[in-house]
Amino acid sequence: MKQTSQHFTQNVKAALADPTLKIALNRTTGLLQRRRAQVIEEFAEYGAARAAAEKIKDHTLDNLGHYLEQFEANAAAAGATVHWARTPKEATDIVADICKAEGARTATRVKSMLGEEIGIPEALARAGVERIETDLAEHIIQLAEDPPSHIVMPAMHKTHEQVADLFREKHKVPSNSDEIAALVESARRELRPKFLDADVGISGANFLIADTGSIVTVTNEGNAELTVTPPKTHIVTVGIEKIVPSMEHCAVFLRLLSRAAIGAEITQYTTFYNGPKRTGDADGPENMHIVLVDNHRTEMLSDFLRPMLRCIRCGACMNHCPVYAAVGGHAYGAVYPGPMGSVLTPAMAGLKNSKDLPNACTLNGRCKEVCPVNIPLTDMLRSLRARQFDGKLVTPVTRSALVVWGWLVRRPGLYHLSTALAVLAMRIWSMNRGRIRRFPMAGGWTGSRDLPQPGRGTFMQQYGRRKQK
Amino acid sequence: MANPDKSKPRVGFFVTCVVDAMRPNIGFASLKVLEQAGCEVEVPRAQTCCGQAAFNSGDDASTREIAKQVITAFEPYDYVVVPSGSCASMIRSHYGELFAGDAEWEARQRAVSEKTWEVLSFLSDIMNYRPEGVYYDGVATYHDSCSGLRDLGVYEQPRAMLSAVEGLRLTPLTGNDECCGFGGTFCVKYPDISNAIVTDKAEKIAATGADTLLGGDMGCLMNMAGKLSRQGSEVKAYHTIEVLAGMAEGPAICKGEEMG
Ligand code: SF4
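Chains as they are written, first to last, in the working numbering: chain A, 1 to 469; chain B, 1 to 260.
Note that these hints are calculated values from the structure, not bench results. Among the hints, erroneous ones may be present.
[To be verified] Quick list of simulated restraints, FRET-style, between CB atoms:
(1) Asp125(B) - Phe304(A): 27 to 35 Å
(2) Thr171(B) - Arg465(A): 37 to 45 Å
(3) Met247(A) - Asp78(B): 50 to 58 Å
(4) Gln268(A) - Ala61(B): 49 to 57 Å
(5) Leu414(A) - Asp78(B): 23 to 31 Å
(6) Glu249(B) - Ala425(A): 22 to 30 Å
[Unchecked claim] Computed list of lysine to aspartate or glutamate pairs in EDC-like fashion (alpha-carbon distance at most 20 Å, straight line):
(7) Lys469(A) - Glu35(B)
(8) Lys22(A) - Asp200(B)
(9) Lys22(A) - Glu35(B)
(10) Lys277(A) - Glu72(A)
(11) Lys22(A) - Glu203(B)
(12) Lys355(A) - Asp192(B)
(13) Lys368(A) - Asp177(B)
Predicted model, so just to flag it, every value in this text is computed and none were measured. Virtual Cβ for every residue (Gly too), placed ideally from N, Cα, C.
So that you can see chain B by itself, here it is in the shape it has in the complex (with noise of 0.2 Å):
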């Protein structure tokens, strides 16, 4: 930043392991909207995974150690941004179950956790943010992720964002609040289950007519996507803030190489 505002807020940028590897594009969307909002943001170097698989997989104390390292990386900001719903109720809601009896950590873990957002809930609540000047030409359809509904209330904030984008027009999934077979390292202990499930969404997908599909974790999206994509579908998922950036103009999750 040439000109640091010092009454900008001063985000740090979580963007998540499996954005980092396998969807840039929602990274840069989010940097893009959240600068637009009037964030100062940056991205610590220090950072990988929040260590929410060894958290459902029972290590405990693995999940300690990764934690100790995202809030020591992230204590210098005003707030920490994060394009996904499980990793910032990762953060928010789930590590305070670590450091019971370790006072200074705990102390260090709270005011982390508590600055910690989802990026939509994020810009909707903090930032009062409503794109302005973009269109997406299709009519979507939209999958409210589980931690993000449930841990961080995140339900209106999308609609609301995606009301103000030009051409975009929505329309309710049935089961849009069900699971959609992901569960992270579920989705591979218990492949022939998560089929099931996501095959089921895919069905109720299919049924809205919808073109685009759109949610806010990369995680659920890439197991819908990639049913669809194995379906031989047509609908094309994106991220919603890759929509709302503007930036879901290259090809769909599962549909080709994203322009990055």
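In isolation and in its complexed conformation, chain A is listed as follows (with noise of 0.2 Å):
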């Protein structure tokens, strides 16, 4: 997708003056937010098993190399063929080669944001291939021409009734029912027929088991499977950070994720793949290639950025995020919106083109709070903020404004001259209304709210005036 976090600003405008994009976003926002509280309230082990997780996590970031070797070594021994990609770049021609190998016309894919990160579909396109997302939120972004604006749910920025004129326009026999079943089942005649004909299926992972060489995908429609069985191959590309030691490792996220992600106890479906079919089964793919990409990842792994590897993609730091729920996804113009995308695109794009996201955070740490990885989201995206001021990516306007205050502050005798005589100007302009609705230089904030009318001088005023007494 194309890369606009250059322009937040002018983004959030546009999210702000989309009445529809509100609405879409408090209902599901809403939603997800009492579903996650009410099963994290019913799962008793929900700390220890956000501690193992933590743990587990931790403990695979620092013995990577070796898990992702053990992995490579068991993954091959089931049949399947691992590439390792340093760049998208790397990673979509691996996979537009096999493509090109197998001559394949069509693919059919699940969602993943791995391949949203190395530009899969942008891929397909280049390589004259047929994408067919086969998520039912992809099939409608995909129809839309729209990028994905949250990692769980890619079209929460659509409301059911825009979803139902898409399909109206694009679908060869739509529903005339605007119900959110009849919609589905609209999604399902037109998807059908296509998963059983594509040459090549492409998923991501949810996880990579390093001891048996398994990927494991969990999904809510059952695409994932309908994807990568009917197809001779089967693609998978994954980041590198995805890895865990065991199957029994794997159960500690799988209690988390979907608790977390949509509050729900479980997925549908959670499969686990172990190589191309082998001689006996019904089915499968004949092939199956293992696409692990790195992308910065190694990178972060020395980095105050390294905890970020922990995150398991759930979403539920957008969905707790008041800034997300404001503005929705597309205004972040990256890959991975809200909270943890204000982290990771930075680390993956570059500070320089995203220099408004770790500063549009109110440091508020709901995503933290409720993130089942305990992730340090805002003490990094401070961080990054300090990253900013020393590499000099903050205007000169805000740094010697800062510079100046830091001054007076280390002053105190000139500093409460200062406030003394500012809290002066207040109640003169103020004119004894009680509140200010306009002050010079504070548009920013009396833009939109009253400021209140100080009192009679400083409480340092006051104080002194009181024990002179």
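Using the hints, put the two standalone chains together into the complex.
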């Protein structure tokens, strides 16, 4: 997708001016928050599971090379071909080459954020392979030609009324009802035949299991199984941080993932794939290719961003983010929106191209609170601001304002005098109305809310007067 | 103090830059209740701001210098008490990030951080304070400011103390633990997003039917009261300590000049 994170403020303006977007976001985020809160409350071992998950990920990251090599050996032993890709280009070239070698004309695809990250849709288009998105929400945004706006529910920005209109326009046999069930039925009619005819099935993976060489997909629609089973070739593109040591470890995450993501105890479909079809298997692909992608992940390992590699892409942080709820996912202008995206995008696309993202956050900390692997998102966003400040990526005006203010704060006498004068000016300006509707250079505040009229002097002045009495 | 009592805990009161300039009444209310609770309170002159604005803007070097000033000013006290969850959390939870590798300052910082408290949790958890004979006529709803709630666990304490205030009824706020959109410099750097968030909050406050909004952070209160005032709402916003001190008689935030 096209990176527009450098135009964050314009994106925000457009998003806030869209009343339908607000309806769509309110409907979904509210529901997801309530459902999550309920299943977490009913999950007595939540705290223990969360602590274990954090530990498992940290241990795996400490020994990343070891587990990846173990995975490679076991996957190869099961008959899969493992490829390594440092960059998105290397990864998509591998995918395009496999498609070419197979003479593929069509590819079915299961939703995968890593696939979006490395640009699979664009790569398939360049290779002349027709792409069929099989996840309902991905199908919607493919028809609408929109980028995803959420990592779990990529069509979160659309209301079902909008989807009904879209299907009426694009589906061969659309339904005449706006009911969600009818829309699902319509998509099923449209997609079913394509599943069976595809040459290649492309998926991501929620987990890689080192000691078995398996990959794991977690879906609610069963489209992963239908995507990767009929075609001759199954290609998996996956980030290297998805590795866990064993099935047992994986189980810890499975208990957390769907609870955090959609507020359900378990997903409908969790499938472990261990190599391609074996002799005697009734079905399955003849070839299985697994592309392990780095794309700045190894750099993050040796940075303060390391905890971000624990992320299991559940989306809870964005579902609980007031900024995300106000502007939606597209405003972030990157594959990963919300709090986790504001950390990942600077790591992947560079801080220069995403200057606003770490700053457009109130640091309220709810994201960290709901994160199933306890990622200190706000601390990292704050540290990214420090990196911007040190790297001279803040505007000279902001920088000098901060420097002057910092200088003044360290001179208490002068500071008290200046605040007393400022307070006096505000008092005079307020003309005893109790509140201030406009104030020079305070447009950021008074544009949308009043300022209180300050009292008769600052606290320090009044306290000093009382002491003298 | 005429008769300094050695058994009384000595509290250094850190008023915070926002309360200092915008709502001294919160400071005086804190002093009153802290004294009622049995503390000996002092207000060191060498205080200004905790440095949070610099810290959250990524200026770690300035923050470090500001933190040193705070640490030096408040070292002599048994406790540092702050009428704001976010400033208390800055000193208590974040100063530690500034002095890694500097053994001397690390030790001094740790000592001050550990004895720093947000005023409401200090009164309730350390001083076991409950108001007596305090009256407030109204139905109030409560907003839990983020840093106090998440960094310091301030939730039950204000409610427990307010339940002892006669005439006051508390009614729950939907999304009481959701950010109000203040976020320090965030609200002026991204005014449109901040406005969208606080507009939502104002709707939820209005939906409670309460006539009063209470909270523990002047920044957030000023944001919400400022929005409510702009909308022409009648809801009165006070810091919880103003009610506990029986000093919520004057005009509410954005409702006129405080009594002072
Ligand atoms: S950062 Fe945490 S909450 Fe956000 S998507 Fe990743 S795992 Fe989920």
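Each hint tested on the structure:
| no. | hint | verdict |
| --- | --- | --- |
| 1 | Asp125(B) - Phe304(A): 27 to 35 Å | holds, 33 Å |
| 2 | Thr171(B) - Arg465(A): 37 to 45 Å | holds, 39 Å |
| 3 | Met247(A) - Asp78(B): 50 to 58 Å | holds, 54 Å |
| 4 | Gln268(A) - Ala61(B): 49 to 57 Å | holds, 53 Å |
| 5 | Leu414(A) - Asp78(B): 23 to 31 Å | holds, 30 Å |
| 6 | Glu249(B) - Ala425(A): 22 to 30 Å | holds, 27 Å |
| 7 | Lys469(A) - Glu35(B) | holds, 19 Å |
| 8 | Lys22(A) - Asp200(B) | holds, 11 Å |
| 9 | Lys22(A) - Glu35(B) | violated, 48 Å |
| 10 | Lys277(A) - Glu72(A) | holds, 18 Å |
| 11 | Lys22(A) - Glu203(B) | holds, 15 Å |
| 12 | Lys355(A) - Asp192(B) | holds, 17 Å |
| 13 | Lys368(A) - Asp177(B) | holds, 14 Å |
Violated hint: 9 only; the structure is consistent with all others.
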